[in-house]
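Below, each chain spelled out in residue letters.
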Amino acid sequence: MLLAEVHGSTAAIGYGLAAIGPGIGVGLVFSAYIQSTARQPESSRLTLPFVWIGFAVIEALALFGIAFGFIWAK
Amino acid sequence: MNGQPSILAAEFPPTIQEFFPPSIAPWGGDNPWFTRITLMVWIATAIIIVFFLVAYRNPQMVPTKRQWIAESIYGFGRNSIAKEMIGADGVRFAPYLTSLFLFIFGVNLFAILPGFQISPNSHFAFPAMLATISYVLFNYVGIRKHGLGKYLKMAMVPPAPWYILPLLVPIEFASTFLIRPFSLSVRLFANMFAGHMLLLVFTLGGFAMINANGLLAPVSVLSWLFTIALTFLEFMVIALQAYVFTVLTASYVQGALADEH
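Just so you know, the protein sequences line up as chains A and B, in that order.
If you count by our numbering, then the first sequence holds residues 1 to 74, one letter each, in order.
If you count by our numbering, then the second sequence holds residues 1001 to 1261, one letter each, in order.
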């Protein structure tokens, strides 16, 4: 017996859920950079490349979500 | 208000078809090969090659302005990327890494240039090819330095107790040989794809709102202002993605060249 039926794109819901992880992850990366620079300002130049690498690698997961939403869409 | 002809260049919401521009020249038929995308790749490559050739025509000890710009760009690739990630040995990879960085950056720049406004890297073939070249590079360099057996052992067998290895070795194998090229290419592709999609949504959305109801005009203007803000963000993403692709390639080469623990 059909109780309820939902129309629309589950890809949108899926992407919304998929963006939680990378959102927290990117926040962690920049929070770590800000804290480490606050504790030891001379280290900011050393750790800056890792900020960008970390940001891009984590952001890639969020972007997989966008891309796969189109690939798997009906 | 409702009977006015649409002034959209394309329909809202934007679909995948926005990413396949029409052929510029009369040939090609159903499967056009000479589109804006091809033209962009040719222009970007030509500009990079011609700039560096011309800048180094008469190199002098006290550099001219053009020579100084070219040297700064190459110096960035050589010092900040190659030497910093790979070490002193990395200078022999500096030409490839700088070319990679400049190619990706130059080709991506068309995503925000009026007239073109799409990056060829939003077609998966281009990032896939670049990632394949980087993949072959770091594996070949590792195999040539260490020999096939030792390189595979170094790449797949982490220093861990023997009872965990059956779990770790498949993970390391997948991580090094399967996921690396995949993530390199999809990262670049998805960034350019999503950026273009975002700009399309806000631009076409502004037009769609005006077409739906003329009273929404202020909201449309807001939408277009946000497009401008997103364009600046897109520029940052373009530079960052070029940098990250190159730095990750250098990091993989460094991992392949690393000596035993």
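Think of the hints as simulated: they come from the structure by calculation, not from any bench.
Take these hints with a grain of salt, some might be off.
What the hints assert, rightly or not - FRET-style restraints, in silico, Cβ to Cβ:
1) THR10/A to TRP1068/B: 35 to 43 Å
2) PHE50/A to LYS1150/B: 25 to 33 Å
3) ALA38/A to GLN1117/B: 37 to 45 Å
4) PRO1158/B to GLY21/A: 35 to 43 Å
5) SER44/A to LEU1168/B: 28 to 36 Å
6) ALA1239/B to THR37/A: 43 to 51 Å
7) ALA38/A to SER1023/B: 49 to 57 Å
8) TYR15/A to ALA1239/B: 23 to 31 Å
9) LEU1225/B to SER36/A: 31 to 39 Å
Claimed, not checked - Derived coverage of chain A by chain B (criterion: at least 3 residues anywhere in the stretch with Cβ under 8 Å from a Cβ of chain B; other residues may be distant):
10) 10-19
11) 36-43
Predicted model only: the values in this text are computed from it and were never measured.
We put the CB at the ideal spot given by N, CA and C, even for glycine.
Evaluated hints:
1. THR10/A to TRP1068/B: 35 to 43 Å: 55 Å, violated
2. PHE50/A to LYS1150/B: 25 to 33 Å: 29 Å, holds
3. ALA38/A to GLN1117/B: 37 to 45 Å: 40 Å, holds
4. PRO1158/B to GLY21/A: 35 to 43 Å: Given range 35 to 43 Å: violated, Cβ gap about 25 Å.
5. SER44/A to LEU1168/B: 28 to 36 Å: This hint holds: roughly 35 Å between Cβ atoms.
6. ALA1239/B to THR37/A: 43 to 51 Å: Violated, at about 21 Å.
7. ALA38/A to SER1023/B: 49 to 57 Å: About 55 Å separates the Cβ atoms of ALA38/A and SER1023/B, which means 49 to 57 Å holds.
8. TYR15/A to ALA1239/B: 23 to 31 Å: This hint holds: roughly 25 Å between Cβ atoms.
9. LEU1225/B to SER36/A: 31 to 39 Å: 36 Å, holds
10. 10-19: n = 0 at 8 Å, threshold three: violated.
11. 36-43: violated (count 0)
Checked against the numbered hints listed earlier, the structure breaks hints 1, 4, 6, 10, 11; every other hint is satisfied.
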